[in-house]
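K.L.:
Here are the chains, one letter per residue:
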Amino acid sequence: MPIINDTLFFDEKAHGEALERALMMSPQEVVMEIRESGLRGRGGAGFPTGTKWMLALSAKADKKFVVCNADEGEPGTFKDRVLLSEYTKLVLEGMVIGGYAIQAQKGFIYLRGEYAYLLEHLNTFLERMRKENRLGDNILGTSFSFDIEIRLGSGAYVCGEETALIESLEGHRGEARNRPPFPVNTGYLGYPTIVNNVETFACAYIVMSKGAQWFAKYGTEKSKGMKLISVSGDCKKPGVYEVPFGITVKELLELVQADRTKAVQIGGASGICIPMSEINRNISFEDIPTGGSVIIFNEDRSMLKVLRNFMEFFVEESCGQCTPCRVGNKKLLEGVEMLEKGECSHRYLNELIELGKTMQIASKCGLGQSSPNPFISIVTNFKDEIMSNSIRGNNGR
Amino acid sequence: MADKIVEGRAPVSQKPHTVESKENGDIGGLIEIEINGRPYSVPFGITILEACKRNNIHIPTLCYHEDLCLAGACRVCVVEIEGIRTLQAACAYPITGKIKVWTTSERVRKARRHILDLLLSEHYGECYSCVRNNNCELQTLAKEYGVDFYRFGHIKEKRYEVDRSSYAIVRDMDKCVLCKRCVRTCIDLQEVGVLEATRRGYATLISTFMDKPMLDVICINCGQCINRCPTGALRAKDPSDDIWRAIDDPTKHVVIQTAPSIRAAIGEEFGLPPGNSMTGQMVTALRMIGFDRVFDTNFAADLTIMEEGTELLLRLKRKLLFGDETVKLPQFTSCSPGWIKFIEHFYPEYLEYLSTCKSPQQMFGAVIKTFYAQEMGLDPSNIITVAVMPCTAKKFECNRPEMNSSGFKDIDYGLTTRELAQMIKEAGIYLPELPKSHFDEPFGDASGAGLIFGATGGVMEAALRTVYEIVTGRPVPFENLAITPCRGMDGVRQASVVLNDVKDEWKFLEGIELKFMIAHGTANAKKVMEALIRGELEGYHFVEIMACPGGCIGGGGQPIPTSPEIRKKRAEAIYKEDAELPIRKSHENPHIKYIYEKFLVDGPCGHISHKLLHTHYTKRGKYIV
Ligand SMILES: Cc1cc2nc3c(=O)[nH]c(=O)nc-3n(C[C@H](O)[C@H](O)[C@H](O)COP(=O)(O)O)c2cc1C
Ligand code: SF4
Ligand code: SF4
Ligand code: SF4
Ligand code: SF4
Ligand code: FES
Numbered sequence: 001m002p003i004i005n006d007t008l009f010f011d012e013k014a015h016g017e018a019l020e021r022a023l024m025m026s027p028q029e030v031v032m033e034i035r036e037s038g039l040r041g042r043g044g045a046g047f048p049t050g051t052k053w054m055l056a057l058s059a060k061a062d063k064k065f066v067v068c069n070a071d072e073g074e075p076g077t078f079k080d081r082v083l084l085s086e087y088t089k090l091v092l093e094g095m096v097i098g099g100y101a102i103q104a105q106k107g108f109i110y111l112r113g114e115y116a117y118l119l120e121h122l123n124t125f126l127e128r129m130r131k132e133n134r135l136g137d138n139i140l141g142t143s144f145s146f147d148i149e150i151r152l153g154s155g156a157y158v159c160g161e162e163t164a165l166i167e168s169l170e171g172h173r174g175e176a177r178n179r180p181p182f183p184v185n186t187g188y189l190g191y192p193t194i195v196n197n198v199e200t201f202a203c204a205y206i207v208m209s210k211g212a213q214w215f216a217k218y219g220t221e222k223s224k225g226m227k228l229i230s231v232s233g234d235c236k237k238p239g240v241y242e243v244p245f246g247i248t249v250k251e252l253l254e255l256v257q258a259d260r261t262k263a264v265q266i267g268g269a270s271g272i273c274i275p276m277s278e279i280n281r282n283i284s285f286e287d288i289p290t291g292g293s294v295i296i297f298n299e300d301r302s303m304l305k306v307l308r309n310f311m312e313f314f315v316e317e318s319c320g321q322c323t324p325c326r327v328g329n330k331k332l333l334e335g336v337e338m339l340e341k342g343e344c345s346h347r348y349l350n351e352l353i354e355l356g357k358t359m360q361i362a363s364k365c366g367l368g369q370s371s372p373n374p375f376i377s378i379v380t381n382f383k384d385e386i387m388s389n390s391i392r393g394n395n396g397r
Numbered sequence: 001m002a003d004k005i006v007e008g009r010a011p012v013s014q015k016p017h018t019v020e021s022k023e024n025g026d027i028g029g030l031i032e033i034e035i036n037g038r039p040y041s042v043p044f045g046i047t048i049l050e051a052c053k054r055n056n057i058h059i060p061t062l063c064y065h066e067d068l069c070l071a072g073a074c075r076v077c078v079v080e081i082e083g084i085r086t087l088q089a090a091c092a093y094p095i096t097g098k099i100k101v102w103t104t105s106e107r108v109r110k111a112r113r114h115i116l117d118l119l120l121s122e123h124y125g126e127c128y129s130c131v132r133n134n135n136c137e138l139q140t141l142a143k144e145y146g147v148d149f150y151r152f153g154h155i156k157e158k159r160y161e162v163d164r165s166s167y168a169i170v171r172d173m174d175k176c177v178l179c180k181r182c183v184r185t186c187i188d189l190q191e192v193g194v195l196e197a198t199r200r201g202y203a204t205l206i207s208t209f210m211d212k213p214m215l216d217v218i219c220i221n222c223g224q225c226i227n228r229c230p231t232g233a234l235r236a237k238d239p240s241d242d243i244w245r246a247i248d249d250p251t252k253h254v255v256i257q258t259a260p261s262i263r264a265a266i267g268e269e270f271g272l273p274p275g276n277s278m279t280g281q282m283v284t285a286l287r288m289i290g291f292d293r294v295f296d297t298n299f300a301a302d303l304t305i306m307e308e309g310t311e312l313l314l315r316l317k318r319k320l321l322f323g324d325e326t327v328k329l330p331q332f333t334s335c336s337p338g339w340i341k342f343i344e345h346f347y348p349e350y351l352e353y354l355s356t357c358k359s360p361q362q363m364f365g366a367v368i369k370t371f372y373a374q375e376m377g378l379d380p381s382n383i384i385t386v387a388v389m390p391c392t393a394k395k396f397e398c399n400r401p402e403m404n405s406s407g408f409k410d411i412d413y414g415l416t417t418r419e420l421a422q423m424i425k426e427a428g429i430y431l432p433e434l435p436k437s438h439f440d441e442p443f444g445d446a447s448g449a450g451l452i453f454g455a456t457g458g459v460m461e462a463a464l465r466t467v468y469e470i471v472t473g474r475p476v477p478f479e480n481l482a483i484t485p486c487r488g489m490d491g492v493r494q495a496s497v498v499l500n501d502v503k504d505e506w507k508f509l510e511g512i513e514l515k516f517m518i519a520h521g522t523a524n525a526k527k528v529m530e531a532l533i534r535g536e537l538e539g540y541h542f543v544e545i546m547a548c549p550g551g552c553i554g555g556g557g558q559p560i561p562t563s564p565e566i567r568k569k570r571a572e573a574i575y576k577e578d579a580e581l582p583i584r585k586s587h588e589n590p591h592i593k594y595i596y597e598k599f600l601v602d603g604p605c606g607h608i609s610h611k612l613l614h615t616h617y618t619k620r621g622k623y624i625v
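Protein chains in written order, with the numbering used here: chain G, 1 to 397; chain Y, 1 to 625.
Bear in mind the hints are in silico, worked out from the structure with no lab data behind them. Beta carbons are placed, not taken as given, at the ideal position from N, Cα and C, and that holds for glycine. Careful: at least some of the hints might be erroneous.
Computed spacing ranges between beta-carbons, pair by pair [as the list claims (entries may be wrong)]:
no. : chain 1 : residue 1 : chain 2 : residue 2 : range
1   : G       : 120       : Y       : 144       : 57 to 65 Å
2   : Y       : 144       : G       : 259       : 52 to 60 Å
3   : G       : 123       : Y       : 113       : 48 to 56 Å
4   : G       : 383       : Y       : 128       : 39 to 47 Å
5   : G       : 155       : Y       : 113       : 48 to 56 Å
6   : G       : 138       : Y       : 498       : 52 to 60 Å
7   : G       : 341       : Y       : 105       : 31 to 39 Å
Same shape as in the complex, but just chain Y (with noise of 0.2 Å):
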């Protein structure tokens, strides 16, 4: 559990427990209890509810999340400890004597059902019409303690509108089981804090500050809270009508392109365990489908890579070879648009650190309705370009007024992979078992450094890959190419290259240790931005910054449910793909030098790019008027 979160806003009795050596045991030494009247030896200081699963004993859960702090506030999980009168919360009583454990004796299970039958009574929703149908912790634990009548009487009317104001998140707290999990996510793991429980006792409600529509908070749109939420409650806002309408449309030229993270996750949705990458399938199921042309992300992640790895060149060259004070650094990436959107309103101030770069996808689009209308001698009014994303704040940032350099949105629809996995089903496709398929061109092929964005760390190995051969001649002095720095899950990360040899054209980089730093989570962005305040990040040159946990494989549009576990695999299926692919930098991609070539001849950060492929943004502060 490398990246459990353990700082943040939480209190502190929510926190890991702090337990003190007592003559019980030392912190790290073993325990014995009785479990259902069978012993067992456990590290002393642990849930009884992790003690269980290491024991395969079930446990019910439903606001317990491994990602965030603890709540006991649900009281599903509860068990009999021996001798104390009230049954405790397992996920939250930590281990540190001889207890005897009853996890289903009859006090137990009636009163799970009893609170079962409490939530059901309040839940107002019906699964066949749901998006989280078969994906669904309340309904996996109606299902699991056999409820076949409501107890305590069903609500009958819908108390609260569904909000459906923001362009990424829809809320529906009629289905709404108060675990919190969604508030301490946005807490404690993303330090954005637009979700609170708001009023008390029975009139307690998950809410905005005053009540206000999503679309008018600061939410990052980064969907972390719906990947963690048990129910349908909380869920993206699905364009897939639109796209079903314009595949139906003779007259419209539909593109889709699908971002690296993808295709690590979607098997998931399909019932595979996670870490099986199912690229060459997805493929074939889009064609399936309809969409007129399939493309590779990864392609437009090198072409970032081409861009901004030239911007951190010129930025260094302006300071460091004409002395130019006014340049910022380090420079910050762009490519997550939750992290954008985060520091457009948390740090406006620093927006210049920011990369111009738009993000892969809405690169890709700029390049597609030019480009690719051109070379096709389509008219990019008839195009409809639609991006699989990980990631549900990719959903607001298409839509933002300034992506339409082309004179056209950039990006028409954003999906995620939960969507385009229900898509695909809707159209009859059982994905594991279709043939494999290549990406269309002329963009067919990409680089294993596109690839890697889909992991934290990704952007800054692709980067180096580049920018180190660019100023040195030689690959980056790493085995296999694998920046191990870069890979990992801890929260914040930092390393750095020394630049030696350097070829004539940039002998001001001679001997330069090129510091980079790595963050993903804004809780850990936030970090990253209060040492930047601080000055601690003078000698930085690069910093990279997912708004996920994980970055795009723990995105907010990826299957449910997430896990460090699960986030990790799929991290290493993206790693293990990009170490078998024959192009592994983003500069040796031959589509990408076509592409300079042929349309973007002035070179990366030339004009047409800037035109094209680069963005500005918008100071927004944290209240919204």
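Pulled out of the complex, with its shape left as it was, chain G reads as follows (with noise of 0.2 Å):
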């Protein structure tokens, strides 16, 4: 399945030795010039990647790592498949760069498990980057070696966070670690790693190959480039598209000929659900920000039950070692449960949503800290619908 609109960015025919021309500056020009760029990394969080590159550049240690996250659990996301079937260079090129820019030996490709079938294919690819010598032992010639390993992640929707990642290749319980330290600073087996999403490192290769200010034209202020969305939900024409940071809700609802939209859950489960009222909003890191999720769902949904999905999906999903996120999600889903019944009062509901305030800043990680992002949004956005059920009053908890 191809990018279903014109593409500017991913085309791999488009692109010129992206590569060769990175082996011919120095790592520290390599990372100022994806500085320059304004690259913003793609899995969600959108952290500055020369930041994060410049991190692991200057740590010191005799061993550094290169990850590339193609955990790809958020639901709704499948652009990252996308890019690892048919334009596999520009990922796999682009970890090669990456490790040039912080000087790793080594990288890991973390594949969703249920990716497996795609094994063949970029092994393929892998051996035949070694052959050209664009891979292995002295690359193109340059005194720099560094070679790409594919492990598969075990099914586990943390496995995707950055530090859970690690665990889960180290052998270990996928739960996330404390912050700090980074991962750019102790990463994997304590060494100085970044980890960056599939799309990350396509871009990075695109920065390489067109130049940071071809890049820097597209998208907003703050977000820079073009980014990969895939749309999925009540829509004639779902599937993969790139669009320029910026773009309205609106515009991306005509793009995939949407119609009756109700509600657009933005960011995939750990997004927020917007009302039409709000479909001028733009994506963006400014405004919405989104690791690639977009799903939309038409007047004939009950919010109720799309939010029993996501809070259902968030307790099974928990790693379940903080209390804010085992607990909370679940209370979450009981406080859903009581809604669908009618028993859930006002006053409970707001404690909820207070408590979902708290799970938004003391989670240990991502996934407590967004999880109740779709549950504030949802109750607030659509709260007639969701209280149409319920008694009015204060009864029940």
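The task is to assemble the complex, starting from two chains supplied on their own in separate frames and drawing on the hints.
P.N.:
In structure tokens, the structure reads:
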């Protein structure tokens, strides 16, 4: 499945010799170029990639690692799969560029368990790169050596979180670590490690091939470049789209031919759900950030059911180590069940919203910090629908 | 924090932080921070929690424990740092910049209260029927935060069956707050790894391999997990009801022995600070409770030294004098039943290195049901032997089928310090205010050597005091008999003494450097065993191993809480009492001389002692079928 609309960035044929160019520069220069491009991580959090690489480059250690986060576990996201299968070169050579930039010797692709069918394709590609001397010892005749190994994930959503991913790579239970120290300083086996999304590496390739200036021409002030969005749900043309940052939700809905839309969930299960009154907001790190998932709900959908699905997901997918996330999500789910039965008072609903806010600031990792997002946004934005079932007043807990 | 464990299997990020020297200052340098609007100067790299502790600012904790690697899991300790959106766990956040911290802001208080409310909503248990009532960190937190209702509801039914299968450890997962202190204890301090978080998300549960009952896993019964559990989820199996029944039964002659480390710790159960010895008061209390005889395990420790020291000398003789290469050296001590089970599971091929001596508790039991019964004209079947031990593993040990050489169970019940304190309280006695009294005859006095068994290195020190003197005829060449290399809290210690001008019968030992090694905590025991396997213990003669960090003073049956500081205080109390005793060497204890004259007439390691005081071991392996 290719990208549906016309592509500007993700067109392999349109790209030149990014790796060659990078290897002719110094690692510092590569990092500077990435910095100038304004590239921010495509995995969701949007951390400036150049800064991350800079920190890893300046960390002193005899080993360093590059990890490509191909766990793609966010419900409604499937753009990394497209990149890995159709634009393999961009991703893999982007990793080599990253390895060169931070002076690492080894890279891992942490591949979502369900994508095991891509293994053969990826391994063949890696083999070809080794033959062409684009991977392995003394890449393209330089003194830089770097190799890539693929590791299969175990199917836990939390393993997409970078520190849980590293735990998993090390053979431990997938649980988020304390931060600081950050992976750029203390990552895989304690060595400096950069973890980046599949699309981030592909973008790094684009930056190196077309130049930072060209890259930064697209997007908004704080969100540079184009973004891949996986669109699913109630629309005529679901699929992966390349859009510039700053695109409004309305424009996107038109692009995918959605009608009778009631709500749009942006950013996957951990994103926020907006009503039609807010579709003029735009997709960018300034307004509504996303790792790439947009799910559309039309007027036939029950928002409580939608919410219940999300909350069930988190109750199961929390790693279970910290209290706010392990128990908090369960309480939010119980709240949804009470709403369904009409047993949730306004007072208790407000209590749960406050709990959600605590989870957002007190949870150990991004999962628990973002899992209350759909709860808070749906019960706030669709309050009338949600409470229509409920008794008024203060009974119930 | 000399014995803080830094190695082990914990993930890198949960180990003490390595901080690089940055522009802010060097490691060891000071850094200016602000806490609650006031300036402080703290060492670069320490955690916020540590910084607050040093400046008397209280931060609540639950998953944090001084002995363990960081978890940062409960989130009870969250604080606000200016400029950071999310709250940070004070226990896990290293200070490497000039941060401004708020420990009681509105956001912080609300979050902590929510977290507590969440924990309580899932906590099934009633404080008044819980061993940890009044000594429970969850309860304390609830009180501290003035919890007076269940904001998010409260679980109504028990979800998990209480696991009472083990002789020593009872698990009640309904009271578990998932802090994983037990998991970290079992893996990092003890290298056993019985407990692990299983399943995921809300279903997360601390469990054993394949959810097997505790009896069927490789638990060594050390009880260290109990000592570090903040709640009543883990506890020891309490035999006190049976003991009361025996006391109340006029046909039973109930004899109690108290291990060396009890006296140094039991005061804590009555609110005294650690490090107060309560020997005389404890004896009085036991008499008041109604025990027919109160004996000191230190006597049996002296007996152990005679047997174990002789065994060592015999091994040396067979090897060095007769060239018997089948003799295994170094000889490993065998008085810690947690260690015994550890080696049986993990190093079953190396059991021959163990001394065959029973632990002092079991030796004493065998002596009571034979020699003592004889002397007193009692029918051993009417004697009930109770042992107060710092140790939960002793509960398992006394139930080992081989521990009945007199024809009766050597020890009927193993009681912990905590359980004894409970019995004393139940009898309406306030221990610290009692008059002192003396242990009963015929085993009334013990030596200081027997007493120091309670601390790591104590067995070694006691053995050296005797062995050296047997061989050379002179006391060990250390001032005031304090063999300082044996003392301290380093995980693995080693030292040696040279045997010069030995007596004629020990000529083959002339000039030999007697090398010994001491380890405590089975994670350290593992290091020693791996060194043995690699051949690095060649030339060593004697190794002391205690399963519990700190030795018996840090045993799994001792008062809760425990910390490096508390263990140090308890050890100091023991060494202080030793220094003040008139008899400091096992072989000089007149009661020991008496028993070898009257009863164990063929001497240490003779036939009678072999039958009663020595034992054999079981190759268990890592998998229980
Ligand atoms: C629960 C959770 C799941 C995540 N899953 C993914 C994922 O599947 N893929 C991904 O690239 N990043 C994921 N992330 C984000 C990563 O933690 C990390 O921020 C990202 O890989 C960094 O790469 P980037 O800077 O290139 O975005 C997840 C984060 C959280 C909290
Ligand atoms: S927030 Fe959730 S997923 Fe993250 S560490 Fe806590 S329990 Fe685990
Ligand atoms: S574990 Fe603590 S809070 Fe729970 S019942 Fe026992 S004393 Fe009460
Ligand atoms: S008693 Fe010791 S071995 Fe058994 S589970 Fe507890 S810590 Fe582990
Ligand atoms: S059993 Fe105790 S120590 Fe272990 S996780 Fe539960 S509460 Fe914590
Ligand atoms: S005590 Fe700090 S997170 Fe538990």
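K.L.:
Does each hint hold? Answer for all of them.
P.N.:
Hint by hint, here is what the structure shows:
1. G/120 <-> Y/144: 57 to 65 Å: holds, 58 Å
2. Y/144 <-> G/259: 52 to 60 Å: holds, 56 Å
3. G/123 <-> Y/113: 48 to 56 Å: Given range 48 to 56 Å: holds, Cβ gap about 52 Å.
4. G/383 <-> Y/128: 39 to 47 Å: With Cβ atoms ~43 Å apart, the hint holds.
5. G/155 <-> Y/113: 48 to 56 Å: For residue 113 of chain Y against residue 155 of chain G, whose Cβ atoms are near 35 Å apart, the range 48 to 56 Å is violated.
6. G/138 <-> Y/498: 52 to 60 Å: holds, 59 Å
7. G/341 <-> Y/105: 31 to 39 Å: Given about 37 Å between the Cβ atoms, the range holds.
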